[in-house]
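With the hints as a guide, dock the two chains, each given alone in a separate frame, to form the complex.
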Amino acid sequence: DSGVTQTPKHLITATGQRVTLRCSPRSGDLSVYWYQQSLDQGLQFLIQYYNGEERAKGNILERFSAQQFPDLHSELNLSSLELGDSALYFCASSVQGGDTEAFFGQGTRLTVV
Amino acid sequence: GQNFDQPTEMTATEGAIVQINCTYQTSGFNGLFWYQQHAGEAPTFLSYNVLDGLEEKGRFSSFLSRSKGYSYLLLKELQMKDSASYLCAVFSGGYNKLIFGAGTRLAVHP
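These protein sequences, in sequence, are chains D and A. Residues in the first sequence are numbered consecutively from 1, following the numbering used here. Residues in the second sequence are numbered consecutively from 1001, following the numbering used here.
Careful, some of the hints might be misleading.
Said to hold, decoys possible - Now the in silico label distances, taken between C-beta atoms and shown as ranges:
#1 T13(D) <-> G1053(A): 43 to 51 Å
#2 N59(D) <-> G1015(A): 40 to 48 Å
#3 G16(D) <-> L1051(A): 44 to 52 Å
#4 A1107(A) <-> L39(D): 29 to 37 Å
#5 E62(D) <-> Q1079(A): 26 to 34 Å
#6 R18(D) <-> E1041(A): 23 to 31 Å
What the hints contain is simulated information worked out from the structure, not anything from laboratory work. Every residue, glycine too, gets a C-beta built ideally from N, C-alpha and C.
Same shape as in the complex, but just chain A (with noise of 0.2 Å):
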């Protein structure tokens, strides 16, 4: 089976620094994915992690602990459209289950 964990809302300032967590265990791991929705809209894609570490690009960076079944969304300058949720999600028991965290909402107030 899949279960995360992931903070349900977080609040920041604009032009501050915020990381979302998740932690997961997955039966099947194959690398884990970072989307950005905003409300009503569709989830787009962000980033995806398969080895360890950190991967940086642009304002936001992803990092990765396979042993710790951890990750974290590094998100820099925030700006007032950053508000949105942020979901992590892992392909489960294989390659063709994508499964979704419940999702971190981020409110960037002036």
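Next comes chain D alone, as it looks inside the complex (with noise of 0.2 Å):
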């Protein structure tokens, strides 16, 4: 148990809808990062916050957006839902940003039918 938490694991949905993914990062841990990750593709950075702030981003779609709270838990928001969004998504959280390693929630598997 890598201590990072992801809701739902499982997520079923229709085309066109908005549905929002949920991480809490390990205990202490400021930076939250979202991958995207396709059937047998890689892992895919979408976007990065720190402390609350966003800090990088990837080549996330304007469908999609996120945040990070105060209490350092993080949502991803994904809207007008495409086939091709379907995907596991992972969030992964680190003590800092740079030079400190990731560790991987178990990700929420969305499919959009």
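Here you go:
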């Protein structure tokens, strides 16, 4: 158990809908990362927050947004969902930004039908 | 930007040694990470190399050459449970963007 908690574990929704994925980092970790992993694909970096502030952005779609709250948990919002958004979404956390390893949650498997 | 080059797939025999290579080009570099990921599961941290040279941790060792943009992960005494994808990763352009290579899928056979 990495100490990073993601909910829900599984999510099935229809095209055009909006969902929210939640991540609770390890105790004491200030940095949160979000990744998308489509079937048999690599981990695609979406966005990173540090202590409530957005610090880095990857190729995140405009339909996607995220935030980190004062209690350091983070949410990833996905809207106007398309079939191609079906993927595993991972959250990871680390003590600070770079130079320390990140620990991953078990992921949320999103299926868009 | 950042680019990685890892072999897509490798096979090895139980009990053997395998070396998984990773070459990278990145703007800004703080060190290189290796992660293991079993299919459908979360990546788990294996090692982090900041300085050149070899670091050993049990059956797994990792090597880094910063000047050559090259790293490898060495797995000894392979076990069936080592069948997984192995991902190299770096922080690109500073301390905030942790980028992963596509990974090498290792299959260990009896």
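Now the hints, each set against the structure:
As the Cβ distance of T13(D) to G1053(A) is approximately 48 Å, the hint placing it in 43 to 51 Å holds. At about 41 Å, the beta-carbon gap between N59(D) and G1015(A) stays in the expected band of 40 to 48 Å. Distance hint check for G16(D) and L1051(A): the Cβ-Cβ separation is about 51 Å, which falls inside the suggested range of 44 to 52 Å. In this structure the supplied range 29 to 37 Å is violated for A1107(A) paired with L39(D), their Cβ-Cβ distance being about 18 Å.
Against the hinted window of 26 to 34 Å, the Cβ-Cβ separation of E62(D) and Q1079(A) comes to about 45 Å, which falls outside the hint. For the hinted restraint 23 to 31 Å between R18(D) and E1041(A), the CB-CB distance of approximately 27 Å keeps it satisfied.
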